[in-house]
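Chemist: Going down the list, the sequences are from chains A and B.
Numbered per this note's numbering, the first sequence spans residues 16 to 354.
Numbered per this note's numbering, the second sequence spans residues 16 to 354.
Bear in mind the hints are in silico, worked out from the structure with no lab data behind them.
Remember, predicted model here, so these are calculated numbers, not experimental data.
For every residue, glycine included, the Cβ atom is placed at its ideal position computed from N, Cα and C.
Nothing false has been slipped in among the hints.
Within a straight-line C-alpha distance of at most 27 Å, the following computed DSSO-like cross-link-like pairs (lysine-lysine) qualify:
id: 1; chain 1: A; residue 1: K17; chain 2: A; residue 2: K70
id: 2; chain 1: B; residue 1: K34; chain 2: B; residue 2: K70
id: 3; chain 1: B; residue 1: K70; chain 2: B; residue 2: K267
id: 4; chain 1: A; residue 1: K127; chain 2: B; residue 2: K266
id: 5; chain 1: B; residue 1: K127; chain 2: A; residue 2: K186
id: 6; chain 1: A; residue 1: K266; chain 2: B; residue 2: K127
id: 7; chain 1: A; residue 1: K127; chain 2: B; residue 2: K186
id: 8; chain 1: A; residue 1: K268; chain 2: A; residue 2: K186
id: 9; chain 1: A; residue 1: K279; chain 2: A; residue 2: K267
id: 10; chain 1: B; residue 1: K268; chain 2: A; residue 2: K127
id: 11; chain 1: B; residue 1: K281; chain 2: B; residue 2: K302
id: 12; chain 1: B; residue 1: K186; chain 2: B; residue 2: K267
id: 13; chain 1: A; residue 1: K266; chain 2: A; residue 2: K279
id: 14; chain 1: B; residue 1: K281; chain 2: B; residue 2: K266
id: 15; chain 1: A; residue 1: K267; chain 2: B; residue 2: K127
id: 16; chain 1: B; residue 1: K268; chain 2: B; residue 2: K281
id: 17; chain 1: B; residue 1: K186; chain 2: B; residue 2: K279
id: 18; chain 1: A; residue 1: K186; chain 2: A; residue 2: K302
id: 19; chain 1: A; residue 1: K186; chain 2: A; residue 2: K281
id: 20; chain 1: B; residue 1: K127; chain 2: A; residue 2: K268
id: 21; chain 1: B; residue 1: K70; chain 2: B; residue 2: K127
id: 22; chain 1: B; residue 1: K267; chain 2: A; residue 2: K127
id: 23; chain 1: B; residue 1: K268; chain 2: B; residue 2: K186
id: 24; chain 1: A; residue 1: K127; chain 2: A; residue 2: K70
Residues on chain A that point at chain B, a partial pick, calculated with CB under 7 Å:
id: 25; residue: F48
id: 26; residue: Q132
id: 27; residue: Q145
id: 28; residue: L149
id: 29; residue: K152
id: 30; residue: Q172
id: 31; residue: T175
There are 2 protein chains.
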Amino acid sequence: MKLQEFATLMRPSIEEVLKQAVNRAPDQRLAPFYGWLTYHMGWEEEGAGVQAQGKRIRPLMVLLCCLAADGEWQPALPAAAAVELVHNFSLIHDDVEDQGEMRHGRPTVWVKAGTAQAINAGDLLFTLAQNAVLGLKDTINAQVACEAAFVLNRACQRLTEGQYLDLSYEKMNDLPLDAYFPMVNGKTASLLSACAELGAVCAQVSPQRREAFTRFGNRLGMAFQAVDDWLGIWGDAALVGKSVESDLLSKKKTLPVLFGLQQKGKFADQWRRAVAINPDDVPHLAKLLVEEGAQDFTVREADRLTDEALSALKEACPRESDASLALLELANALLRRDK
Amino acid sequence: MKLQEFATLMRPSIEEVLKQAVNRAPDQRLAPFYGWLTYHMGWEEEGAGVQAQGKRIRPLMVLLCCLAADGEWQPALPAAAAVELVHNFSLIHDDVEDQGEMRHGRPTVWVKAGTAQAINAGDLLFTLAQNAVLGLKDTINAQVACEAAFVLNRACQRLTEGQYLDLSYEKMNDLPLDAYFPMVNGKTASLLSACAELGAVCAQVSPQRREAFTRFGNRLGMAFQAVDDWLGIWGDAALVGKSVESDLLSKKKTLPVLFGLQQKGKFADQWRRAVAINPDDVPHLAKLLVEEGAQDFTVREADRLTDEALSALKEACPRESDASLALLELANALLRRDK
Chain A
16 MKLQEFATLM
26 RPSIEEVLKQ
36 AVNRAPDQRL
46 APFYGWLTYH
56 MGWEEEGAGV
66 QAQGKRIRPL
76 MVLLCCLAAD
86 GEWQPALPAA
96 AAVELVHNFS
106 LIHDDVEDQG
116 EMRHGRPTVW
126 VKAGTAQAIN
136 AGDLLFTLAQ
146 NAVLGLKDTI
156 NAQVACEAAF
166 VLNRACQRLT
176 EGQYLDLSYE
186 KMNDLPLDAY
196 FPMVNGKTAS
206 LLSACAELGA
216 VCAQVSPQRR
226 EAFTRFGNRL
236 GMAFQAVDDW
246 LGIWGDAALV
256 GKSVESDLLS
266 KKKTLPVLFG
276 LQQKGKFADQ
286 WRRAVAINPD
296 DVPHLAKLLV
306 EEGAQDFTVR
316 EADRLTDEAL
326 SALKEACPRE
336 SDASLALLEL
346 ANALLRRDK
Chain B
16 MKLQEFATLM
26 RPSIEEVLKQ
36 AVNRAPDQRL
46 APFYGWLTYH
56 MGWEEEGAGV
66 QAQGKRIRPL
76 MVLLCCLAAD
86 GEWQPALPAA
96 AAVELVHNFS
106 LIHDDVEDQG
116 EMRHGRPTVW
126 VKAGTAQAIN
136 AGDLLFTLAQ
146 NAVLGLKDTI
156 NAQVACEAAF
166 VLNRACQRLT
176 EGQYLDLSYE
186 KMNDLPLDAY
196 FPMVNGKTAS
206 LLSACAELGA
216 VCAQVSPQRR
226 EAFTRFGNRL
236 GMAFQAVDDW
246 LGIWGDAALV
256 GKSVESDLLS
266 KKKTLPVLFG
276 LQQKGKFADQ
286 WRRAVAINPD
296 DVPHLAKLLV
306 EEGAQDFTVR
316 EADRLTDEAL
326 SALKEACPRE
336 SDASLALLEL
346 ANALLRRDK
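Next comes chain A alone, as it looks inside the complex:
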C-alpha cells in the first residue's frame, strides 16, 4: 500500500474521531460557540470542505508511525485526533496574536467571533484535544493514555515557547543565527516530533526505538521549515510571482535572512537600514542573499536535516514495511515541494 492509499483508507476514520471530539455542544444555547470550532475545522459554513480542512498530515503521521512501529493504527486514533486538535487550537490563537485575517482562504475565527470569543474558543479546542488523547485509556490502556498525554503536553509547552520567541524576535532588528533553531524547534518541529513519538507510544515500543521515531519527527519538522524558508524567498510564488508573497517583504526572520545578517555584508546593510521593505527591492535583496551564500547555506541545512530525518527513520524501522515506505514518501512530499 502506498501513501495515497493509506491516506484514503485512514482519512474517514480521522475525520470521524475529530468530529466526535468537537461536536459536543451540550445545549442549543452553546451551539454558536461550538460552531466556531466546526467552522475552523473546515466542516461547516462558507468554504467548508477538503480545501479548508487541510491534509491532516499530523494525524496521518501518528497512524503511519504506529503502524511502522508494528502497532495497529485504529487504537491510536485518539492520539491522532488530539494532535490535529492541538494544531488547530494553536492556529486559532496564533491568528489572534498575529492579527491574521485569512486562513485556507477563509476568514479566521477572531474575524467572525471577535478577539475575546476567539481566545475562548481556542481554549475550548485545547480542552477537547486533552480529552481526546485520554481516549487511549479505552482503546489501549491508562498507562499509555497518561504517557501520550505527557508527550502531547510537552509538545504544547514547546509550541508556546516557540511562539514566545517568534513574537519577541519580531521586535528585534539584530538576531544571531543560533536564535533560529530553538524557535523553529518549538513552532514547527515540536508537533511533528510528538506525532512520531505518539505513534511509537501507542505501539508500545522500546525506549530506544521510541527515541528514534521522535528524532525522525523532529528532524523532519526542522527540515520542513528550512525548505519553507527557502520557498519563502526563492520559490515561484515569492520570486517569479508577486513579491507580496515573499518573506522578505514581511521582514520575517527566516534561516536565510539570519544567515545573511550574520555576514554583515550588503544584504545586512540594506535590511537594517529599511524600516519597511519596498516590493520593488525584493528581487535585489533575494539576489544579494544568493551572492552572500545564504541560499547555499539554507539548502545545505535542509539537506543535512533531511538526512538526519531519514537515518532516524531507518533506525526506527530496520525492516522495510508498507508503512515505513509510506513515511518515506510522506517525508519526500513534505521536503521536495515546488511552490
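The hints should help you fit chain B onto chain A, whose structure is shown.
Modeler: Below, chain B alone, put in the same frame as chain A:
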C-alpha cells in the same frame, strides 16, 4: 484540627507543588516567558506575597475533600495544584478578554506582556496544569490520573462555556432569569465542583459518594455566586461605600438584576432606558430592586443552594471528621462574608 490549622499545614506543600509545576524554563532565553507566570502566581516582582497569591481555596478544597473521603491528602497534591493552575490560566485569559487592568492590586499579565504574549502565557499555564494532574500517575496510579484529568477537562470545558455565555450576555439588554444558571454553573461552580470531585477521585470512593462530593462543590459554587451577587449590590462596598464598586454601575447581569428585569416594573424600565448607569442613581436602583422583591429572591436562592450544599456534604461524609468539619467551616466562610 480546625480549618485554619489544616490551611497552615497544607499551604507550604501546595505552594511547593505549584512552583515545581511552573518553574520550568528550559533555558535562559525563555526566562521572561515563565517569569510572567511566576509574577501572576504572586511569587515574584512588585507586590509579590500572600496578598497577590490569594487564599488557594481551590487546592485546599481538593485536599480536604480527599481527607474527608478517607483518603490521604499528600498523594492528591498534583490534583490540587492542577486546579489552581487552571483557575489562574483562566484568569490570565479572562483579563485579556475583559481588558481588566488590575488583579489583586497588581497590573495584569497582558498589561505587562501585551495581548499576544498574555494569550500565549495563558496557554503555557494551561499546559502546565494538564501536566500537573497527570502527576497522580506517580503518587496514586495511571487509572486515577486519567480519571482526574477527565474531571479537570470537563471543568475547563464548562469554564469556557460559561465565559462564552458571559461574553455574549454583555451585548444583550434583555435576558430571562433562567439564562443565569448555566452561566454561573460554568464560570464559578464548575471549578469548585471539580475540586470536590477530584478529592473524591483521589480517595477512590464509590460512584455514589463521588457524586455527593461533586454536588457539594457545585452547590457551594452556585451559592457563593448568589452571595457575591448580593454583595455586589447591597454589600458595604457597593452601597454604603462608593457606588463605583456596585455591580449596578457596570450593568452586570447578576441574579438580582435578572430577577428585577423579569418583574417588568420600575427597575426594569429605568435599567432598559439607561445606556449607562449614573453613580448617583445606584442607591435608588438598589432600593427599587428591594421593593420589587429581588433582594428577598436572591437571599432565598442563596439559602436554598447553601442547604443543598450542606446536605450533599452530609451525604458525602456520613461520619463527622476533622476534615468534614473543616469543609463545613470553609463553606460557611465562603457563604457568610461581609464585604
